[in-house]
Structure formats: C-alpha cells, structure tokens
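Participant: Going down the list, the protein sequences come from chains V and A. Heads up, the first sequence is in this note's numbering, so the first residue is 1 and it goes up one at a time. Heads up, the second sequence is in this note's numbering, so the first residue is 364 and it goes up one at a time.
Among the hints, a few may not be true.
[Stated by the list, open to error] Pairwise CB distance ranges, derived in the manner of DEER restraints: (1) A:A722 x V:N132: 40 to 50 Å; (2) A:P590 x V:A195: 48 to 58 Å; (3) V:E58 x A:D561: 42 to 52 Å; (4) A:A722 x V:D277: 50 to 60 Å; (5) A:G655 x V:K103: 29 to 39 Å; (6) A:Q718 x V:A359: 50 to 60 Å; (7) A:D643 x V:R347: 54 to 64 Å; (8) V:A128 x A:A423: 22 to 32 Å.
Everything labelled a hint here was simulated from the structure, so no lab data went into it. Heads up, the beta-carbon is just placed ideally off N, CA and C, and yes, glycines get one too.
Protein chains: 2
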Amino acid sequence: MRPVRSATLALALSLCTLAPAYAQSPLEQVEGDANKGTGPRTVPGRIIPVPTATVSPELAATIAKPYRALAWNANPPDAAAWTALVNHLAEGAAAAQPGWREKLGVTMTTGVMAGVPVFILQPKEMPAENRNRVLLNLHGGGYVYGPGEAGTGEAAAMAGYGHFKVIEVDYRMPPAAPYPAAMDDAMAVYKAVLATTDPAHVAVFGTSTGGGMTLALMLRAKAEGVPLPAAIAPGTPWSDLTDSGDSYQTNEWLDNILVSYQGYLGHAAKLYANGRDLKDPQLSPIYGDFHGFPPAILTTGTRDLFLSNTVRTHRKLRQAGVEAELQVFEGFSHAYYTIDPFIPESREAFGEIAQFLSAHLAK
Amino acid sequence: MRPVRSATLALALSLCTLAPAYAQSPLEQVEGDANKGTGPRTVPGRIIPVPTATVSPELAATIAKPYRALAWNANPPDAAAWTALVNHLAEGAAAAQPGWREKLGVTMTTGVMAGVPVFILQPKEMPAENRNRVLLNLHGGGYVYGPGEAGTGEAAAMAGYGHFKVIEVDYRMPPAAPYPAAMDDAMAVYKAVLATTDPAHVAVFGTSTGGGMTLALMLRAKAEGVPLPAAIAPGTPWSDLTDSGDSYQTNEWLDNILVSYQGYLGHAAKLYANGRDLKDPQLSPIYGDFHGFPPAILTTGTRDLFLSNTVRTHRKLRQAGVEAELQVFEGFSHAYYTIDPFIPESREAFGEIAQFLSAHLAK
C-alpha cells in the first residue's frame with residue numbers, strides 16, 4: 001500500500017551512518033546521499049522552527065502548539081467508541097462557543113429546516129445591504145467531528161466578521177449515518193433556503209469537510225437542476241478523500257492539526273464512504289465537472305496537509321473557466337482560521353472571504 | 364546563526380535509537396518523540412514520492428529530476444570564479460533558446476534602450492489587440508545567473524503563449540556590477556518604454572529575482588513620480604533577500620531547483636547587496652509600501668522554496684488594497700514554468716498570466 005514506509009525506515013537507518021558527515025556539511029551530505037539521481041526526493045530529519053519573523057505573535061504561538069490531541073490520530077475500534085470520542089471532543093468545542101459569540105457580537109438560535117436541525121447565527125447589527133442575504137454553512141470535522149453546537153464556530157466567525165445571517169447545517173454523520181446522509185441534509189436545507197430566498201442572495205461556504213461538501217453540493221445541484229448560489233467559499237476543501245496530493249507527503253508531520261493522512265482521516269473517509277468508491281464525485285468532488293460553478297474563494301496555508309487539495313481545486317475551477325481566487329497564509333496548518341478565528345491572520349482570512357462573497361451577492 | 368543545525372544533528376542521532384520503533388509505528392513514534400510539547404516541529408527523515416496521480420506525466424518527470432547541478436549550491440571563492448561559473452551555465456541555457464523560440468513561434472532581435480542592451484521577443488503573428496501593448500521582462504537568476512540570451516526564455520514563452528511584444532532587459536549583475544546597477548538598468552528601460560508607450564499599454568513581469576525587481580521597480584517608480592504600468596506579474600518573487608519565511612524551512616531539500624537558502628542564494632544576496640542592508644526595500648521589496656500598486660498576478664508551487672515569499676507578497680498586496688491573484692501549482696519547485704515552459708502546467712501558468720495581463724491592459 002505505502003512503499004514509502006519501508007523506504008523511510010531505510011532512510012532513517014542510513015542517517016545513522018551519515019549523521020556525523022551531515023553535521024559537518026548538510027548540503028554535501030544531502031546532495032551526495034540520494035538526490036543526484038532521478039526519483040523520489042530524500043529529505044533529512046529536521047527540526048523546523050516557528051517562523052516568528054513572518055507571522056503575528058498570536059499565529060506563532062498557534063504554530064508552536066503540539067499536535068491536536070486525541071483528534072488527529074483517532075482510530076476507535078467500533079461505532080460506540082467513535083461516538084464516545086466524537087462526543088467527548090464536541091463537549092469541549094461546544095463549551096467554548098458562547099464565549100466566541102460574545103467576542104464576535106453574534107447571537108444564535110436553533111431551528112429545523114426540511115426536517116434537518118440548523119443553527120442560525122446573526123450579528124447584533126445587520127448592515128442594510130445584508131438584510132436579504134443568507135449564507136449556508138457546512139461545518140468541518142472529517143465527517144465525524146463537530147456535531148451540534150461544536151460545529152458552529154466558523155458560522156459564528158463569518159456572522160461576526162462579515163455581518164451576515166448564517167445558517168449552519170447540523171447534518172447527520174457516521175458511524176450512525178454514513179454517506180449520503182450528510183449530503184442529503186445539506187441539499188435539503190439548501191433547497192429550503194431557496195424556497196424563500198433568491199439564489200442571487202445566497203452563498204455557500206465551509207472548511208475542510210465543509211469545503212468538500214460545498215463543492216459536492218454544487219455538483220448535486222447541477223445534476224438536479226437546482227439553481228446555484230451567487231458565490232461559494234470552499235476553504236481548504238477535502239475535495240479528494242483518497243490518499244492523493246503532494247502536500248499529504250510534503251506537509252506530513254508539519255501540520256499540527258491533521259498531522260498525517262495516516263492519522264484519523266483515512267479511517268474517517270472509509271467510515272463515511274461505507275464501501276462506496278472514494279473517487280465518486282459526491283465523495284471526492286475533485287473528480288467531478290466544475291463547469292458552471294459560481295465564483296469561488298479558497299483559503300489554505302503553507303503547512304496545510306490540504307494545500308494540494310486546495311490548489312488542485314483552484315486549478316480545476318480555473319480550468320473550467322470559473323472565477324476563483326486563492327489565498328494562502330504563511331505558516332497556517334489545516335483550517336487555522338476556523339480553529340482560532342481570533343488571531344490576526346484568521347480575521348484577515350474571514351475578511352477576505354466576506355469581501356469576496358459580498359462582491360458577488362446581489363443586494 | 365542557525366541553531367536548527369545542531370538541533371538537526373540531535374534529531375538525526377535520536378532517530379538512530381528510535382528507528383526500529385519508528386518502523387513499527389511511525390504515528391506513535393513521531394508524536395511520542397517531540398511534538399507533544401510546545402515549540403519547533405520535529406519532522407522525521409523521509410523519502411517523498413513523486414506525486415504522479417495529481418500532475419501531468421511531464422511534470423512528474425520534472426519533479427523526479429535531481430537537484431539542479433552546479434547552480435543551486437554554488438559558492439565560488441572570488442569574482443573570477445563567479446564569472447566563470449555564470450558564463451558556463453549561461454552557455455548551456457543560451458544554446459537551448461533558438462529551439463525554444465522555434466517551438467514557441469517567436470522571433471528575437473537585439474537592441475539598446477537608454478544605453479541598456481535588450482532583447483525583443485515577438486510572436487510571428489500579433490493579434491490586433493496586442494499591437495500597441497508592450498511587456499517589460501526582468502529575468503531571474505539570483506542576480507547572478509542568466510546574462511545575455513540565457514535570460515530570454517521567460518520572455519520568449521510569454522511572447523509565444525500570450526502573443527505579446529516583450530522587451531527583456533539584459534541588466535548588469537554582480538560581481539562586476541552590484542546593486543543598484545540592475546535596478547538602474549531596469550528603470551532606464553522602463554522609462555524609455557514610457558517615452559513611446561502609454562503606461563496603460565505597458566505591463567511588467569519577471570520571475571524569482573525578476574519578480575523581486577518588478578516589485579522594487581514599482582516602489583522606485585512611485586518614489587520618482589513615474590507612472591505605474593497597467594499590471595504586473597511578479598512570479599515566485601525574491602521579495603525578501605533575508606533568510607526569512609516558513610517555506611525556506613518546510614520546502615528545504617524538496618525544491619529541486621533552489622534546494623536550500625544555504626545553497627547559492629545567501630551568497631548571491633550578499634554579492635548583490637554589496638554591504639547594503641538586505642532589508643532595504645529596493646533589495647527586499649516586501650519591506651516597502653505596496654499601496655497604489657497596479658493589479659498583480661503571482662505564481663508559485665507546493666514545493667517552491669519561495670512559496671512563503673510569494674504568499675507573503677500576495678497578502679501584503681491585498682492588505683494594501685491591491686487587486687492581486689495567486690496561483691499555486693501542485694508539485695512545482697521554484698519557477699518550473701520558466702525553467703521548462705513546455706510542460707502542460709507551465710503552459711497553463713503562462714496562459715493564466717497572459718489572460719490576467721490582457722484583462723488589465725488597455726487596447
């Protein structure tokens with residue numbers, strides 16, 4: 001499956017012999033060792049410093065944090081263990097949300113649309129130009145994390161920074177409800193929004209899994225003849241559930257949120273797909289047809305394990321003639337802006353997304 | 364200077380002890396070893412495969428190539444040795460150019476503008492809308508490589524793919540002529556272009572060093588009250604000559620063109636600066652004020668040592684309210700599109716740049 005693993009062992013062992021020479025002259029050692037030939041790239045073990053000179057102190061502190069405990073390498077043995085872990089993590093995330101909303105100047109109500117539970121996030125003061133506009137949010141979390149209030153953080157941040165009304169879909173997830181439950185719920189709420197709102201006044205956004213779902217929702221709306229929204233913001237989208245993409249390798253161990261596809265991601269993908277081909281465009285929208293998609297803005301970072309997912313999606317949108325903007329933040333691991341929306345670079349990311357959506361939404 | 368080096372040695376030695384455990388369980392080993400605490404990131408030695416599933420076969424072959432021989436880690440002991448190396452490399456690059464122009468359908472003439480030698484690249488067939496338009500190109504090469512015809516490849520590619528008239532500046536370089544010779548020459552030719560062409564018909568572009576010079580030229584034009592062009596395309600710009608930026612660390616040993624800032628780059632920076640502060644905005648334009656800059660498109664790749672230079676420049680342009688687009692190509696090391704303009708992704712990169720410039724140039 002992953003021949004790189006035994007190759008990695010060989011490299012680790014070869015470093016043992018070469019370590020003294022490496023200390024004397026890293027350039028010669030690395031070049032002389034393996035990279036003079038054609039083939040895969042040999043990269044020595046390294047200690048990578050926090051890029052303090054080029055990021056805010058708050059972001060530097062985030063980059064220095066340890067790997068995200070419990071979440072990144074979870075591999076529960078059964079459905080009950082998954083549910084226990086998900087609920088444990090969700091408790092902590094949900095507990096932080098009232099404080100976030102307070103800081104963001106946002107109120108939250110709950111509701112049900114087309115039978116699906118939703119959270120409605122609104123700024124305390126709504127600008128006139130946003131009164132007829134609605135943003136639909138699909139939360140992240142690898143199709144397993146972020147149920148209930150735990151999944152409302154990104155919606156709250158967008159409501160606060162962008163002064164939009166945001167409807168966040170509390171879609172069903174595995175192990176209880178694998179694909180297509182999440183997409184069915186997203187589609188049902190999207191249609192319910194369209195029943196009362198002109199699509200020119202609607203945008204859809206989400207990060208990570210929510211970014212992948214945003215793209216999959218566009219494919220499904222196209223296939224069903226449902227009007228597309230005015231704009232989308234798929235942030236660092238999980239657009240490819242297979243183990244593909246350069247940054248899965250190059251940013252492995254650097255991203256302190258996802259860390260490695262060999263962590264929970266691969267397990268979550270299988271849990272969600274429930275036997276379905278991971279390359280089905282409803283699961284991995286990168287394999288779908290992006291022609292006719294609305295204008296899109298994509299967000300990622302230099303350390304993001306999904307850097308490749310994001311730039312591949314951006315290129316594919318551009319190849320399909322879609323207006324698509326890309327922003328890449330120095331030092332960001334996966335989805336930092338949704339994990340801590342209060343660091344300066346996160347505010348900047350949300351500000352850019354809000355400005356882009358606003359420019360494309362009808363007034 | 365670089366405490367990471369001794370830390371790297373410590374890591375290499377620690378891997379010797381841990382290698383057997385690592386082979387059994389890489390996830391536990393890496394997490395257990397170092398990344399449970401706050402601080403720099405510990406990344407194990409790895410063999411990184413070529414991302415064949417997500418790039419064209421031609422690009423995969425480029426990614427698999429060994430480090431760029433001679434150029435990347437050059438450190439000639441004196442001026443004569445620098446000149447000998449630069450001329451040796453230039454001979455090879457120049458020899459390829461007639462073949463490139465033939466494939467691109469481009470002709471080349473030489474000239475002198477304001478006392479500066481230039482190359483003029485033109486497509487054999489010029490579209491009507493481009494007849495009054497001129498692109499100014501500043502070639503790359505770390506302020507040392509690419510004199511004469513060796514520096515004309517990017518200009519030829521843009522003339523061929525974009526069907527533009529391109530004037531490439533054969534600016535003076537160290538060791539013979541350090542800063543400000545290169546910028547003086549670029550500015551002199553830019554002013555000579557403006558003497559006969561409305562700035563609304565002019566765009567400036569360049570990659571790597573040429574990207575940094577493009578940005579420095581905008582700062583200098585602003586300072587001197589010279590009109591700015593309609594658009595710019597600073598590709599993977601050397602916007603910061605200091606050893607700053609996350610990708611100098613994260614993409615070290617992965618980028619098979621530049622490989623490491625500890626290669627020739629640091630030496631070339633000092634040679635060019637000739638004692639001047641590397642943070643002078645004429646040397647490192649990222650430290651300048653980008654307000655009022657023309658619309659810009661920036662290009663980089665997931666393995667580019669200058670990924671951070673590029674995204675930091677993009678963010679700084681956006682913070683200054685400048686219309687700025689970013690494109691990041693899967694698997695690209697530094698400036699691939701100028702080093703081999705014939706792979707599909709390079710054509711795509713040039714196509715996007717040409718389209719962006721065309722959209723902003725007056726007809």
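Participant: At the C-beta level, are D643 (chain A) and R347 (chain V) separated by a distance inside 54 to 64 Å?
Facilitator: For R347 (chain V) against D643 (chain A), whose Cβ atoms are near 30 Å apart, the range 54 to 64 Å is violated.
Participant: Honestly, do G655 (chain A) and K103 (chain V) meet the 29 to 39 Å range at C-beta?
Facilitator: 34 Å, holds
Participant: Quick check on a hinted range of 50 to 60 Å for A722 (chain A) and D277 (chain V), using CB atoms only.
Facilitator: With Cβ atoms ~39 Å apart, the hint is violated.
Participant: Given the range 40 to 50 Å, decide if the beta-carbon distance of A722 (chain A) to N132 (chain V) lies inside it.
Facilitator: Cβ of A722 (chain A) to Cβ of N132 (chain V): about 31 Å, so the range 40 to 50 Å is violated.
Participant: 50 to 60 Å was suggested as the range; check whether the CB atoms of Q718 (chain A) and A359 (chain V) agree with it.
Facilitator: 20 Å, violated
Participant: Just to be sure I understand the hint, the distance between the Cβ atoms of E58 (chain V) and D561 (chain A) should be within 42 to 52 Å; is that true here?
Facilitator: Hint holds: Cβ distance 45 Å, inside 42 to 52 Å.
Participant: Lying within 48 to 58 Å: is that true of the beta-carbon distance P590 (chain A) to A195 (chain V)?
Facilitator: Once the Cβ atoms are compared, 53 Å apart, the range 48 to 58 Å for A195 (chain V) and P590 (chain A) holds.
Participant: Do the beta carbons of A128 (chain V) and A423 (chain A) sit within 22 to 32 Å of each other?
Facilitator: 53 Å, violated
Violated hints for the displayed structure, listed by number in ascending order: 1, 4, 6, 7 and 8.
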